[in-house]
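There are 2 protein chains.
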Amino acid sequence: MERTTPRTLSGFMELLPGKQAQFERVRALIESSFRLYGFAKLDTPIIESAEVLLAKAGGETEKQIYRFNKGEHDLALRFDLTVPLAKYVAAHYSSLSFPFRRCQIGKVYRGERAQRGRFREFYQADIDIIGDGALDVMNEAEIPAIICNTFRALGLKRFKIRVNNRKILSGFFGILGIAENVADVLRIVDKLDKIGAEKCLEALLELGLSEETSREILKFIASDGTVAEKLAALNKYRGKNETFDTGLDELKTVTEYLPSFGVPTTNFDVDLTIARGLDYYTGTVYETILTDYPEIGSVCSGGRYDDLAGYYTDKKLPGVGISIGLTRLFYVLDEQGLLNPALDTAPADVLVIPMTEDLRYAASVATALRSRGIRAQLYSEKKKFKAKMSYADKLGFPFAAIIGEDEIEKNVISLKDMKTGKQKTLSVEKAAEMLAEYKTAQMAVAPIGG
Amino acid sequence: MERTTPRTLSGFMELLPGKQAQFERVRALIESSFRLYGFAKLDTPIIESAEVLLAKAGGETEKQIYRFNKGEHDLALRFDLTVPLAKYVAAHYSSLSFPFRRCQIGKVYRGERAQRGRFREFYQADIDIIGDGALDVMNEAEIPAIICNTFRALGLKRFKIRVNNRKILSGFFGILGIAENVADVLRIVDKLDKIGAEKCLEALLELGLSEETSREILKFIASDGTVAEKLAALNKYRGKNETFDTGLDELKTVTEYLPSFGVPTTNFDVDLTIARGLDYYTGTVYETILTDYPEIGSVCSGGRYDDLAGYYTDKKLPGVGISIGLTRLFYVLDEQGLLNPALDTAPADVLVIPMTEDLRYAASVATALRSRGIRAQLYSEKKKFKAKMSYADKLGFPFAAIIGEDEIEKNVISLKDMKTGKQKTLSVEKAAEMLAEYKTAQMAVAPIGG
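So the sequence lines, in the order shown, correspond to chains A and B.
Quick note: the first sequence uses the working numbering, first residue 758, plus one each step.
Quick note: the second sequence uses the working numbering, first residue 758, plus one each step.
Think of the hints as simulated: they come from the structure by calculation, not from any bench.
Misleading hints may appear alongside valid ones.
In this list, chains with the same sequence are indistinguishable; a pair is considered to hold if it fits within one copy or across any two.
[Stated by the list, open to error] Taking lysine-lysine and the DSS-like style, the derived pairs with C-alpha atoms no more than 27 Å apart in a straight line are: (1) Lys827 - Lys813; (2) Lys1009 - Lys1140; (3) Lys776 - Lys798; (4) Lys917 - Lys956; (5) Lys1179 - Lys1143; (6) Lys1009 - Lys1145; (7) Lys1176 - Lys1140; (8) Lys1072 - Lys776; (9) Lys1073 - Lys1151; (10) Lys1167 - Lys1145.
Okay, chain A solo, but in the shape it has when bound (with noise of 0.2 Å):
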């Protein structure tokens, strides 16, 4: 028979399973947070009408996207939630109560370069608000919360959740006299962190901006020292422009409630360089960073927007949304050494051994272990003891329930401790209290610990 090389596309994650099952639990522990501030899970098609898809986008965006025709049909498939939401907020507006809270955990599809840690597959954990003409800041300042206890479920303490809010910048700008290219100017802020206020500084007299203004922006975003500190250091600019005022009053609001949605304070700052490059946020914006890796950038980010779906429908849907790029977090963890080995990875918590030829005995174990919630494995090969235990070694599995003639007169099992080496003989109810509350316990690891 002629082979084909069996291989994967470049670009794409494809895990072996102990690593799956390590990536299974990140991306449980992210949804399992988000749902518990509310959020709906949805569940939208991969592939969408272009035309549908593509009624925004443009530039960079369409060049890498992946778009093709079945029949007569313009198809192209997703390359983020968002586009998705919108359409589906405005296709399915009288059927939806709003504030609409969704979220969705999926794969987006960009053909960008090969590149060592890119993906052109990836999944992106998005979480989103949508009002109906309006929405309350009162759910800006929920966000942090939900970074902040996703973060912690994982395992992270050391964190920033960096906020900013872009009506701040924007009337700054205002007082400044800068009202033409405000998008320009925050796209050069936004890089402070990256390029350095010495480039930033030629950036912006590039720009055409004398040097005085120029640098009262770079003092202005560089403000240091505490929230409260940065709070009042802003508060000195009020009543100059309404705009400003606005932004500051929402980012106070942000700040003011942190203590109640039980956000640490070494877990926020508030941080003026950050404008989040998309034009269509509009107030509070959100990045967060891993303390010890501030390399890696952003790993959660979003922002207020006031216009999701302008391009489908003439309601007026303002919104507030976070997005975690899962595949990449889950690559940069595992590169850095994060993830826990302390986290089983095995298919199941035991593997049941039968040592007899007749196996009913130990079919009935593994079903009273499975009718108690274990997940049992029966191994039914004829195989060698040692071929059957250096399987359970392997595959980690954290117990193994031998089965011999004894056990089976006696109507018990052994079980034994893959990670210790100890082994008891005692009855299967027993056996399953034991490793429900190994479970449990295994439930509490975080799979980041490095």
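Position chain B against the provided structure of chain A, taking the given hints into account.
The following block gives chain B in isolation, referenced to the frame of chain A:
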């Protein structure tokens, strides 16, 4: 602004939030049932190189495939989860331990003619057990238990797992001296249920079989009675054909182990008409019929095969697997009105409704509930009380936590049961306990149950 109509492609399922919650519950229960049996969860790319994906395909399949170019790459979307599994096992062979048990629930794509209840993007939920060179028949014996446990977990009781063995059929044909067109005969036999005995006979005669042989085939496959009676009837043919005898032994093993695996006799039957069209099944084959809806056809099918990945590798990789067409199953359950209305579909367990301007106490209540695992949504729009309650009602929140000046002063909340209308004033801790109890009860609600 020029607007694009926000539409979803036909043949692509996109559910409203409440329905999606029901779908998710079905999906989650299938997954956790599969995983009780020790299957590693995999997640392979949706896009593969067309050369790899179509290594074996041809005919109908090839026509339905979504195939396109991106740059210089000839790509295709997976049309099932079996070919990607074959690729995966062949590609990662040396990193895997065998038997390799994997479960995968993922979207697959087939550009079928648009038709009510037929989907172009749909979920398959698959499990497979792959051996390296050999795989014991015990694995085939375990499959009915997995099917049974899975459908029972969904809340279904009236279903029948129908089992046959391809070796019995081909052995029987051997006994009759039919050697050449066994595949054709199998295809006809497979249709007995649909087309009836008369048409089956016609088709067999058309194939060139004698009337005597044709009638003998029909008599054989239409055998009636209990499983034991059917096995006894089969036993009469023993000793005439080696393949037949092996098949009968295998079928006996499968039936013998049913009690140990906890499969009730009411959910199981031997049915010699089942051949499963696909050529590659070689031993036990499975179908699952909903007793009250036989017209739906099989909702879970599969079987034993001897060569998973021959077009990728010279390793002999026998296996056994089953697949649930999840999207179609859900669609059909919904159409038949079988989705259980007692299952909550709200985005959270409780809606926290503040009646004061300052939301700090309400936010801290939501935070406290969440820290105890309760999904709590904070309603923070400035609306009238009636509008807030109507929102809770529309989304189907089981509980509302109402917080006014009184509650803040006394450090309590008023918890309203939205179904009974009863309201209790209690501490957050007590409320969390009550809600946790309610959640536990909800967890026991099966998603199917008319």
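Note to self: Please sort Lys1167 with Lys1145 into within, between, both or neither, judging by C-alpha distance up to 27 Å.
What the structure shows: within (23 Å within a copy, 62 Å between copies)
Note to self: With identical chains, the pair Lys1009 and Lys1140 could be close in the same copy or across copies; at 27 Å between alpha carbons, which is it: within, between, both, or neither?
What the structure shows: between (68 Å within a copy, 22 Å between copies)
Check: Is it within, between, both, or neither for Lys827 and Lys813, if the alpha carbons may be no more than 27 Å apart?
Finding: both (22 Å within a copy, 22 Å between copies)
Next item on the list: Evaluate Lys917 and Lys956 at a C-alpha cut-off of 27 Å and name the case that applies: within, between, both or neither.
Entry: Within one copy only: 25 Å inside, 72 Å across.
Next item on the list: Classify it for me, Lys1179 with Lys1143: is the Cα-Cα distance of at most 27 Å met within a copy, between copies, both or neither?
Entry: Intra 17 Å, inter 62 Å, cutoff 27 Å: intra-copy only.
Item checked: Intra- versus inter-copy proximity for Lys798 and Lys776 (alpha-carbon distance at most 27 Å) -> both (25 Å within a copy, 10 Å between copies)
Next item on the list: Could you figure out if Lys1072 and Lys776 sit no more than 27 Å apart (CA to CA) within one copy, between two copies, both or neither?
Entry: Answer is between: at 24 Å across copies they meet the 27 Å cutoff, but 44 Å inside does not.
Checklist line | Status of Lys1151 relative to Lys1073 across identical chains (alpha carbons, at most 27 Å) | finding: Classified as between: cross-chain Cα gap 22 Å, same-chain 56 Å, threshold 27 Å.
Next item on the list: Measure nothing new, just compare the shortest in-copy and cross-copy C-alpha distances for Lys1176 and Lys1140 to 27 Å and report within, between, both or neither.
Entry: within (22 Å within a copy, 57 Å between copies)
Margin query: With identical chains, the pair Lys1009 and Lys1145 could be close in the same copy or across copies; at 27 Å between alpha carbons, which is it: within, between, both, or neither?
Written below: between (62 Å within a copy, 26 Å between copies)
The structure agrees with every numbered hint stated previously.
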